[in-house]
Structure formats: C-alpha cells, structure tokens
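> Sequence:
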Amino acid sequence: MSDHASGRIEVTRLRDLLDGPWAEVRNAHRDQLDARFLPVYGETGDQARERITRLIAELPVKLGIASAFPTEYGGRSDVGGSIVACEMLAQVDLSLMVKAGVQWGLFGGAVDALGTRRHHDAYLRDIISGKILGCFAMTETGHGSDVQQLRTTCTYDPRTQTFDLHTPHEAARKDYIGNAARDGRMAVVFAQLITEGRRHGVHAWLVPIRDAQGDPLPGVTIGDAGPKAGLLGVDNGRLSFDHVRVPRDMLLDRYGQVAEDGTYSSPIEDDARRFFTMLGTLVRGRVSVGGAASAATKSALTIAVRYGDIRRQFDTPDADREVLLNDYLAHQRKLLPALATTYALHFAQAELVAALNEVQGGDGPVDAHRQRELESRAAGLKAAQTWHATRTIQMCREACGGAGYLAENRLPALKADTDVFTTFEGDNTVLLQLVAKGLLTGYRDEFGSLDGWGRASFVAEQVREMVLERTAARSVIERLISAVPGRDEEVAVTDRGWQLKVFEDRERHLLDGVVRRLRNGAATKKDRPFDIFNDVQDHVLAVAAAHVDRVTLEAFVAGIEDATDPEVQALLSRVCDLYALTVIEAHKGWFLEHGRLTPARAKAITGVVNGLLKELRPHMRTLVDGFGIPDTWLHCAVLREEPRRQEDMAAHDAAGRGR
Numbered sequence: 001m002s003d004h005a006s007g008r009i010e011v012t013r014l015r016d017l018l019d020g021p022w023a024e025v026r027n028a029h030r031d032q033l034d035a036r037f038l039p040v041y042g043e044t045g046d047q048a049r050e051r052i053t054r055l056i057a058e059l060p061v062k063l064g065i066a067s068a069f070p071t072e073y074g075g076r077s078d079v080g081g082s083i084v085a086c087e088m089l090a091q092v093d094l095s096l097m098v099k100a101g102v103q104w105g106l107f108g109g110a111v112d113a114l115g116t117r118r119h120h121d122a123y124l125r126d127i128i129s130g131k132i133l134g135c136f137a138m139t140e141t142g143h144g145s146d147v148q149q150l151r152t153t154c155t156y157d158p159r160t161q162t163f164d165l166h167t168p169h170e171a172a173r174k175d176y177i178g179n180a181a182r183d184g185r186m187a188v189v190f191a192q193l194i195t196e197g198r199r200h201g202v203h204a205w206l207v208p209i210r211d212a213q214g215d216p217l218p219g220v221t222i223g224d225a226g227p228k229a230g231l232l233g234v235d236n237g238r239l240s241f242d243h244v245r246v247p248r249d250m251l252l253d254r255y256g257q258v259a260e261d262g263t264y265s266s267p268i269e270d271d272a273r274r275f276f277t278m279l280g281t282l283v284r285g286r287v288s289v290g291g292a293a294s295a296a297t298k299s300a301l302t303i304a305v306r307y308g309d310i311r312r313q314f315d316t317p318d319a320d321r322e323v324l325l326n327d328y329l330a331h332q333r334k335l336l337p338a339l340a341t342t343y344a345l346h347f348a349q350a351e352l353v354a355a356l357n358e359v360q361g362g363d364g365p366v367d368a369h370r371q372r373e374l375e376s377r378a379a380g381l382k383a384a385q386t387w388h389a390t391r392t393i394q395m396c397r398e399a400c401g402g403a404g405y406l407a408e409n410r411l412p413a414l415k416a417d418t419d420v421f422t423t424f425e426g427d428n429t430v431l432l433q434l435v436a437k438g439l440l441t442g443y444r445d446e447f448g449s450l451d452g453w454g455r456a457s458f459v460a461e462q463v464r465e466m467v468l469e470r471t472a473a474r475s476v477i478e479r480l481i482s483a484v485p486g487r488d489e490e491v492a493v494t495d496r497g498w499q500l501k502v503f504e505d506r507e508r509h510l511l512d513g514v515v516r517r518l519r520n521g522a523a524t525k526k527d528r529p530f531d532i533f534n535d536v537q538d539h540v541l542a543v544a545a546a547h548v549d550r551v552t553l554e555a556f557v558a559g560i561e562d563a564t565d566p567e568v569q570a571l572l573s574r575v576c577d578l579y580a581l582t583v584i585e586a587h588k589g590w591f592l593e594h595g596r597l598t599p600a601r602a603k604a605i606t607g608v609v610n611g612l613l614k615e616l617r618p619h620m621r622t623l624v625d626g627f628g629i630p631d632t633w634l635h636c637a638v639l640r641e642e643p644r645r646q647e648d649m650a651a652h653d654a655a656g657r658g659r
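In UniProt numbering, the protein residues as written are 1 to 659.
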C-alpha cells in the first residue's frame, strides 16, 4: 500500500468492483434520475404524497424495480436487478423507493409469485405500467410478525361462488398499509381461508378497494394511518372489510385452489409448510429493505466524511490553520469502523442478491434447501443492515454537528425515513430468532427455518449440532483457516485465517451452548414448550448475531478475492481488517470470559485498530466516493457551501497573521 499515502487510488476502479454484475442498472439510475426526483425539504405530507405519486409514473421500468417481472409482460425477468434498483432509489428518495417497492415489489410481486397464468394475463401489464396502483394488505393491528395468526377471514360460499372477506374485530384491521390511504385501487389481502367449514390457513386474494373515481367500494373502509416520523410521501393507511364479496377466481391460487363446489386442494398438504412456502416466495421484499438501508447508510457516511474533510475545528501551536475533523482520532473512531462495516455488509448483500437471483430467477422448481438458506440469510442480514443504518446515520448526524441537524443537509430525513426499517418486513428481534432456528439441524430439515417454536420438544431432543453454511468463498475460507498455527499467540491479529477462525469459533460455541440448554430444558419442561425456548431467548439472539457477523466477514473475504486490481484489493484488505477487529473489540468481554483472548492480546487489538485508523485516514474520501453516489443525489447544502466558507476563513486568518 505504499502508493496509497496520498489516498489517490483511482476511484473508478473501486466503484467498478462495488457496482458488481448489475452495474448497468446502477449506471442507468445515475444517468436517468436527476434533481426532479430528489426530496423537497419542508414540504407537507400532502405535498410529498402528490409529488411521489407523480414521480412513480416517471421512473424507468425496464431497469427499475419492475424488472423482476417476466419478460412477456414487460419486465426483464431480472430479480437481482430489481433489488439493485431499490438500492439506487434509496439514495435518491426513500419515500420514492418505498412507494415503488410497494407497487412493484410487494403488490405486483405477490400477484406474480402467488397467482397463476390467468392473474398474470389479466393484471401484470397494468401493474407494471402503473395503470393499476395497489397495496399489500398483510399486517393487522393485532398481528404483525405472527402472520400465521391473522384474524381476517375469507369464507367461500359455493351458492354464489364468491368468498366473504370480513374483518371480525378492530384488532383484525389491516394497518400501516402502503398505498392504501390515497392511491391504491386494488389490494393483495391476506386472510384465513375457510371452506366447507374448515380453515386452511392464510392465503391471498386480489381485491378491488376503490372505484374509478377513487371512492371506497361497498363494504371497504379506508382510513389514513396518520402523521409519521418519516416517509412522508408514502400514503400508509388502514383497511377493513365488512362482508365484501370476492369472486372465486380472485384467489391467488398457485399454492391452494378452491373448486366451484368448495373443495379445497393444494400441491402442499401440510398447512404450515404451505404457508411458509408462500412466504418464502416473497423474500425479495426483505432483501430489498436491507439493501435500501445500506444504501441510505452509504449516503450518510458520504456526507459525514466529505464534511469532515472540509470542516476545521481548533488549532495546534505549530499549524497555520485549524485541524480538519477527519484528522482527529476520535472522529476516525466514529466514521471508519462504520465505513468498514458498511463495506462488509455491501459484499454480504451482493452475495445474497446473487443467490436470490439464482434461486428465484429461473423457470424451474426452487431447491427447497437453498430456499430455506436464502430465507435465513435474508432475515439475518436485514436485521444487521437496518440496525447498522439506525446507529450509523445518527452517528453521522452528530459528526456533522449543528449542520447535521438542518433539513437542507439531508441527514435528518435519512434518519427519519430509515427508522422504521428495523420494523417492517419483519421485526429485527423476531428475524434473528428465525436465523437461529435455521442453524439447528433436525429442526430446519424437518420443519423449515421459518416454522414456529411450537414443536419445541422435538427440536430440543433432536438437535445435536449447528449447520455451518459456508458462503460463496467456501474453498478460500477453509484454506485460510487451515493455515493458522495451533497457538493464537503466534499469529498476528491481522491474519485473515485467524480472524475467520475466531468468528467461526464464537458462533460454534454459542450454538453448542444453546443446544445444551434446549436439551436440558426438554428434559425438565417437556410439557412447557414455550418456557423451553423463552428461557434461552437471549442466548438464541446472540447465536444469530454471531452467525451474521461470520457470514458477513466471509462475504467480504470473497469480495476481496474477486478484486482483480492489486491496489483495490490491498485497500479493501485493510478495511476488512478494521471490520473484523472492531467486531472482536466490541465483543472483547465475551472473548476474555471464554478464554479466547488473553488480556495482553485484547489490548493489542485496540492498538492495531488505532493503527488501522491512521493508515486508512488518507483513503476516507476514496472509500465513500467508491459508492458512486452522484453529488446531486447527496442533496446536501453544506457540501456545496462549506468550501467557500473555508476559503473565506483561511483568507481572514491569513490577513490576521499579516497584521
């Protein structure tokens, strides 16, 4: 890295690597989304909704979120490209991204994934073009994460060959539904299917909710969810149904069919397995949310790093000018570890998108094992990415001082708009439990990673080990780990194999502990399955977090291996060191308690981290510029004005010294 002293590595080479296989999609957005798509600071909620609805019709369809739809209906059959389009929109305007995601990702995606040919022929073209605006009505006031227990019912009547869609009580009202309050004309409604007196679990129907004039249809009650902290341009609303008649053919029946006489049939006999298969087809929404959170984080870090390179504060006795913020170790301690984690999550997201595209992007049957692995990985990364966004955007706001609090500098909007990401598409705490369940052999193979805890006694008795799913760099990881000497004290903490081994060891140890506690619980609380799992919930969450850390590091290593430019590879290697060592440093207590680190080695890690901060300081601007965010998209007044202010201050200081 001797050539990097000035931080002059060519940014385009770094950006080319980060853009990855969907560079065409990224560049199309950079070229086509100009200033008219940016947020308007200070607008009212009504103004924001009006603006976002107008802009939806102007978004590129071919290379946008709608690209996931089949080519024959106007899409590109490009699942991965649609996720990348979400990431790019998130850097322009998060309200626009969410609105588009509801229309083409959730609403249209559900019709595509859960419907059959007749639904596709009748509706997909108009959904893609925006002629039909719709919403995704799953969440209820009383049930969010526990979708299997939704209370809305849809009961088939063979005499009329229609379903009776009904909201039995207020807690069953569909709540927080994007596109519902203002623009939605149809909704994919999730409800309990009842026919011939028997429930068959949650299914989905395509239901008209407004007429051509925009008025609610008979039996449909529509309300506004009210003022929100952010995402002002998204019209979240509430839906209730009072015995609304839905034609039989509006059941999205790929996984469950109802004949004219009311007979129910399905290619998947088990209700629970059918339900989780249906939800698994919708996993791209969760992948999109995680990617969008990371994209917003990149915008915040770019603003904070660039501001820290022009904002000066306090002087030193031997200097003519005050010190740049980014030259302070405390400032580097804020920004650089967050930047390293953002890079790590970028490569983890890229690997996930590639897997999603491979698993769900073809016409053939989906491999069940890979689908479950995909769901688990998507759940864990979404939690990590959205929590990281919440922490990092707040940190960037503080790093920019008072300027960071002004709306014109973008950070307050990024903070408000991403805050809910930790909640929608799955509450993060619940998602981490899904990750942990996916790591338990016996459980995952028998029931699937997204099943509930209900069969706890079986799980606790059968699980014997963890499932250590390798990432794309399987052979590289194994080679690096096998090269590590037996005694840790003999290995530098920057040795990649040692870092990988430490992450893997922490995950294994935590998982083994959970397995022991589950089996002990099963021996003493066989008749109390809830208590068996509730008593180890804290341990379960720690396992899941360690797993996500490990797969993220492995994805980063794979990304470095893919780099063909030696300078880019060398720079990313140091960033990867910083990511790995700051994770270890953050969990230093655990490593000391379990004898994985000696006190001397723990202290040494902090020293190495500080050394890495100094080494990477010249590259901070390069690293954020590598994200390829156009200056216009940053939409930050202080970055436009501050250089002039600094020049004025320097001239003033020079004049003062001359006197």
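Calculated from the structure, these hints are not laboratory results. One thing to keep in mind: the hints can contain errors.
Here are the simulated DSSO-like pairs of lysine-lysine, each with C-alpha atoms no more than 27 Å apart in a straight line [claimed, not checked]:
hint : residue 1 : residue 2
1    : K62       : K131
2    : K603      : K588
3    : K501      : K588
4    : K614      : K588
5    : K501      : K603
6    : K62       : K334
7    : K334      : K588
8    : K614      : K603
9    : K334      : K614
> If a hint holds in the structure, say so; if it doesn't, say that too.
Status of each hint after checking the structure:
no., hint, result
1, K62 to K131, "holds, 16 Å"
2, K603 to K588, "holds, 10 Å"
3, K501 to K588, "holds, 16 Å"
4, K614 to K588, "holds, 22 Å"
5, K501 to K603, "holds, 19 Å"
6, K62 to K334, "violated, 39 Å"
7, K334 to K588, "holds, 18 Å"
8, K614 to K603, "holds, 17 Å"
9, K334 to K614, "holds, 13 Å"
Going through the hint list in order, the structure does not satisfy hint 6, though it satisfies all others.
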